[in-house]
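In order, the protein sequence lines correspond to chains A and B.
The numbering of the first sequence is this note's numbering, which starts it at 12 and goes up by one.
The numbering of the second sequence is this note's numbering, which starts it at 9 and goes up by one.
What the hints contain is simulated information worked out from the structure, not anything from laboratory work.
Do not rely on the hints blindly, as some may be mistaken.
[As the list claims (entries may be wrong)] Some chain B residues flagged as far from chain A (calculated, every beta-carbon gap over 12 Å): (1) F26; (2) E39; (3) N45; (4) W55; (5) R59; (6) L66; (7) T68; (8) S73; (9) S76; (10) S81; (11) V85; (12) K86; (13) L88; (14) P93.
[To be verified] In silico EDC-like pairs for lysine to aspartate or glutamate, Cα to Cα no more than 16 Å straight-line: (15) B:K94 x A:E233; (16) B:K43 x B:D63; (17) B:K110 x A:E366; (18) B:K98 x A:D207; (19) A:K245 x A:E100; (20) A:K15 x A:D38; (21) B:K94 x A:E100; (22) B:K86 x A:E128; (23) B:K110 x A:D257; (24) A:K355 x A:E225; (25) A:K173 x A:D307; (26) B:K98 x B:E24; (27) A:K15 x A:E43; (28) A:K355 x A:E366; (29) B:K94 x A:D99; (30) B:K94 x A:D250; (31) B:K110 x A:E233; (32) A:K245 x A:E227; (33) B:K86 x A:D207; (34) B:K79 x A:E272; (35) B:K98 x A:D250; (36) B:K110 x A:E137; (37) B:K110 x A:D99; (38) B:K86 x A:D250; (39) B:K86 x A:D257; (40) B:K79 x A:E253.
Keep in mind that this is a model prediction, so the values were computed, not measured.
Even for Gly, the Cβ is constructed at its ideal location relative to N, Cα and C.
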Amino acid sequence: MSRKQIVILGGGTGGTMVANRLRRRFDLDAAEIHVVDRDDRHVYQPGLLFVPFGLAHVEEIVRPRRRQLRSGVVFHENEVAEARIARDEVLLEDGTVLPYDALVVASGVRLQPEETEGMTGPGWNERVFTFYDAEGADALHGALERFDGGRLVVNIADMPIKCPVAPIEFAFLADWYLRERGVRARSEVVLATPLDGCFTKPIASEHLTYLLGEKEIELVTEFSAGEIDGVNGKLVSYDGREVDFDLLVTVPVHSGAAYVERSPGLGDALGFVPTDKHTLQTPAKANVFALGDATDLPTSKAGSVTHFEAEVLTENIARYFADEELEAGYDGHANCFIETGFHKALLIDFNYETEPLPGHFPTPIGLPLLRESRLNHLGKLLFQPIYWHVLLPGRDLPGLGSAMPTAGKKRTLSTPAQGARR
Amino acid sequence: MTITLIADAPVDVDTEGFLTNSEQWNEQIAEAIAKANGIAELTDRHWLVVRFMRDRYLTTGSAPSIRSLGKESGVPVKELYQLFPKGPAKLAAKIGGIPKPKGCI
Ligand SMILES: Cc1cc2nc3c(=O)[nH]c(=O)nc-3n(C[C@H](O)[C@H](O)[C@H](O)COP(=O)(O)OP(=O)(O)OC[C@H]3O[C@@H](n4cnc5c(N)ncnc54)[C@H](O)[C@@H]3O)c2cc1C
Chain A
12 MSRKQIVILG GGTGGTMVAN RLRRRFDLDA AEIHVVDRDD RHVYQPGLLF VPFGLAHVEE
72 IVRPRRRQLR SGVVFHENEV AEARIARDEV LLEDGTVLPY DALVVASGVR LQPEETEGMT
132 GPGWNERVFT FYDAEGADAL HGALERFDGG RLVVNIADMP IKCPVAPIEF AFLADWYLRE
192 RGVRARSEVV LATPLDGCFT KPIASEHLTY LLGEKEIELV TEFSAGEIDG VNGKLVSYDG
252 REVDFDLLVT VPVHSGAAYV ERSPGLGDAL GFVPTDKHTL QTPAKANVFA LGDATDLPTS
312 KAGSVTHFEA EVLTENIARY FADEELEAGY DGHANCFIET GFHKALLIDF NYETEPLPGH
372 FPTPIGLPLL RESRLNHLGK LLFQPIYWHV LLPGRDLPGL GSAMPTAGKK RTLSTPAQGA
432 RR
Chain B
9 MTITLIADAP VDVDTEGFLT NSEQWNEQIA EAIAKANGIA ELTDRHWLVV RFMRDRYLTT
69 GSAPSIRSLG KESGVPVKEL YQLFPKGPAK LAAKIGGIPK PKGCI
């Protein structure tokens, strides 16, 4: 086998995990591995949820990207300009051309606040904020500290978004935060979503809606934000409904990376990359693979998903090089802690076929599923060191393989064929 | 799944009234579903959207979201809401005789 060139676009969660797994898998003279990212700041994104409440600071959740990559991985700090899949090469903004034998698309999503009328107009970062990036989360921290009662509205502009539970968690934490500060009695907390419930999966949605009610958080459903008036504090839906706010916390429209749209044959209308549900190869070309938020897969856009995918994708690149049949090993497995405030959290675990169920994870004596507990909150906090030290380096976590476990679940529905796991 | 009569034709529908077999669809059925959902008459603009949704579903196996519908059909999202009040993607799918869009996860 001649020395293979592997190019990975994006050095975030997925790109880093795949680079490190591939580096361990192939000797230095068997493969050269390149990672491209526009900056050298790797953000632990789940930490962004805590920044607005002063529970984490931005510096604590950011580390240099380079340092998360194993030695022998070449890092390019540069903007991807175009993937020329017909010619098996990538063009970077500074003119560098990287030819490849296999390409991995791991460029996540792009936030597009400017897609919603008025969002970035007057009031942006004064009365209208997002916590989906580090700057926004930091600015929102200041605004929450100054918030002295009134209507706090959390809005999802449009689906899909990464971590679809994060806005619900934000509402739960806001309730807790305002109570701690003694201003909850003169505040209203509202969650406005384009979905027909608070979450995408019916059983979990029911549990979460119950919790929202208990915490007196108003839920507005099927609300597609068409326009934001940051001066008068009005959020207006496309069908003309209005929600007033004093402080708006918005999750802006998500699209795929801009270069995807400039790369013929790679993405769909929204810049997401059509990807095989089980093998993570793209229909665009046999040597192009994708994972994480950048794909169009029908599962949550989440770090846990990206982690499970990284395992399958690494295996499949090795098989592709060896001319073997790809492993249809990814089952849509997702696993999310949902912070509910007051030092509690709940845990959900699901895949393409099975929706989140009650029970315990990963076995009958594990963490409680779909139920608030302190143990889950500790689990959520523990995740940051695990992320930096176990998941990014590409080590396997016992009990957390890519296939969804069913042992502790209360009602086991059908599970798809999980392929031959090693 | 139940069988019901729409525009004198027996069709299979789910609990929310979406056709489950897109081959049973025809234009009279589309008009009848539109009327039952508060759209008195299907204009050319309605048809453009309905046909786009249907073609997309038949060729790719899934219907587009509102945002990609707005980007690709040439009918802006704002107008989609005027044509199909409340949920354009859902209502256009219903009228076009294709299953309810899966939405997002
Ligand atoms: C507030 C918040 C809370 C979250 N909480 C959780 C949670 O509790 N649990 C969980 O599992 N997940 C959570 N997530 C989601 C999780 O962070 C993402 O799903 C995960 O990081 C996706 O990994 P990725 O590799 O696909 O994308 P990313 O990690 O975002 O990486 C994409 C990379 O590509 C780079 N890039 C893009 N375009 C270009 C270009 N043109 N040129 C160069 N570089 C480019 C970007 O700079 C970026 O570094 C949360 C996300 C947010 C925002």
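Quick rundown of the hints versus the structure:
At roughly 14 Å, the least C-beta separation between F26 of chain B and chain A is larger than 12 Å, which holds for a residue marked as non-interface. Every CB of chain A is more than 12 Å from the CB of E39 of chain B (nearest about 23 Å), matching its label as outside the interface. Interface exclusion of N45 of chain B from chain A stands, the closest Cβ pair being 14 Å apart, more than 12 Å. Non-interface status of W55 of chain B relative to chain A is upheld: no Cβ of that chain comes within 12 Å, the nearest being about 21 Å off.
Every Cβ of chain A is farther than 12 Å from the Cβ of R59 of chain B; the closest lies at roughly 17 Å, confirming the non-interface assignment. Listed as a non-interface residue, L66 of chain B keeps its Cβ farther than 12 Å from every Cβ of chain A; the least gap is roughly 17 Å. Annotated as non-interface, T68 of chain B brings its C-beta within 12 Å of a C-beta of chain A; the closest such distance is 9 Å. Its beta-carbon lying about 7 Å from the closest one in chain A, S73 of chain B breaks the requirement of being farther than 12 Å from that chain.
Some Cβ of chain A comes within 12 Å of the Cβ of S76 of chain B; the nearest lies about 4 Å off, and the non-interface call is violated. With a least beta-carbon separation of about 10 Å from chain A, S81 of chain B fails to lie farther than 12 Å from that chain, contradicting its non-interface assignment. The Cβ of V85 of chain B does not lie farther than 12 Å from every Cβ of chain A; its closest approach is about 6 Å, which violates its non-interface assignment. For K86 of chain B, the non-interface assignment is contradicted: its Cβ lies about 6 Å from the closest Cβ of chain A, within the 12 Å cut-off.
Distance check on L88 of chain B: its Cβ comes as close as 8 Å (rounded) to a Cβ of chain A, failing to clear the 12 Å threshold; non-interface status is violated. With a least CB separation of 6 Å from chain A, P93 of chain B falls inside the 12 Å interface cut-off, contrary to its annotation. Annotation: proposed proximity of K94 of chain B to E233 of chain A holds, straight-line Cα distance about 8 Å (limit 16 Å). Taking the CA atoms of K43 of chain B and D63 of chain B, the gap is about 22 Å. The hint is violated against a cut of 16 Å.
For the hint linking K110 of chain B to E366 of chain A, the alpha-carbon distance of about 14 Å falls within 16 Å, and the restraint holds. A hinted pair counts as satisfied when its Cα atoms are at most 16 Å apart, and K98 of chain B with D207 of chain A qualifies at roughly 12 Å. At roughly 47 Å between alpha-carbon atoms, K245 of chain A and E100 of chain A are farther apart than 16 Å, so this suggested pair is violated. Simply put, K15 of chain A and D38 of chain A have alpha-carbon atoms about 11 Å apart, close enough for the 16 Å limit, and the pair holds.
With a C-alpha separation of about 45 Å, the suggested pairing of K94 of chain B with E100 of chain A is violated against the 16 Å cut-off. For the proposed pair K86 of chain B and E128 of chain A, the alpha carbon gap of about 11 Å is at most 16 Å, so the pair holds. Taken as a hint, the K110 of chain B and D257 of chain A pair is broken in the structure, with Cα atoms around 34 Å apart against an allowance of 16 Å. A C-alpha spacing of about 14 Å is found between K355 of chain A and E225 of chain A, which places the hinted pair at or below 16 Å, so the restraint holds.
Between K173 of chain A and D307 of chain A the alpha-carbon distance is near 12 Å, which keeps this suggested pair within the 16 Å criterion. At roughly 11 Å between alpha-carbon atoms, K98 of chain B and E24 of chain B fall within 16 Å of each other, so this suggested pair holds. Of the supplied pair hints, the one linking K15 of chain A and E43 of chain A holds, its CA atoms being roughly 6 Å apart against a limit of 16 Å. Taking the CA atoms of K355 of chain A and E366 of chain A, the gap is near 22 Å; set against the 16 Å cutoff, the hint is violated.
Taking the CA atoms of K94 of chain B and D99 of chain A, the gap is about 45 Å. The hint is violated against a cut of 16 Å. Proximity of K94 of chain B to D250 of chain A is assessed by CA-CA distance (about 6 Å); at most 16 Å being required, the pair is judged to hold. Distance check on the hinted pair: K110 of chain B and E233 of chain A sit about 14 Å apart at the alpha-carbon level, within 16 Å; holds. With a C-alpha separation of about 21 Å, the suggested pairing of K245 of chain A with E227 of chain A is violated against the 16 Å cut-off.
Restraint check for K86 of chain B and D207 of chain A: not satisfied, since their Cα atoms lie roughly 20 Å apart, outside the 16 Å limit. For the given pair, K79 of chain B sits about 13 Å from E272 of chain A by alpha-carbon distance, which is consistent with the 16 Å threshold. Our distance criterion of 16 Å between C-alpha atoms is met by K98 of chain B and D250 of chain A, whose separation comes to about 14 Å. Simply put, K110 of chain B and E137 of chain A have alpha-carbon atoms about 36 Å apart, too far for the 16 Å limit, and the pair is violated.
At roughly 34 Å between alpha-carbon atoms, K110 of chain B and D99 of chain A are farther apart than 16 Å, so this suggested pair is violated. At most 16 Å may separate the alpha-carbon atoms for a hinted pair to count; K86 of chain B and D250 of chain A meet this at roughly 8 Å. Taking the CA atoms of K86 of chain B and D257 of chain A, the gap is about 25 Å. The hint is violated against a cut of 16 Å. Only pairs whose Cα atoms come within 16 Å are accepted, and K79 of chain B paired with E253 of chain A is rejected, the gap being roughly 25 Å.
The structure does not agree with the numbered hints 7, 8, 9, 10, 11, 12, 13, 14, 16, 19, 21, 23, 28, 29, 32, 33, 36, 37, 39 and 40 stated previously, though it agrees with the rest.
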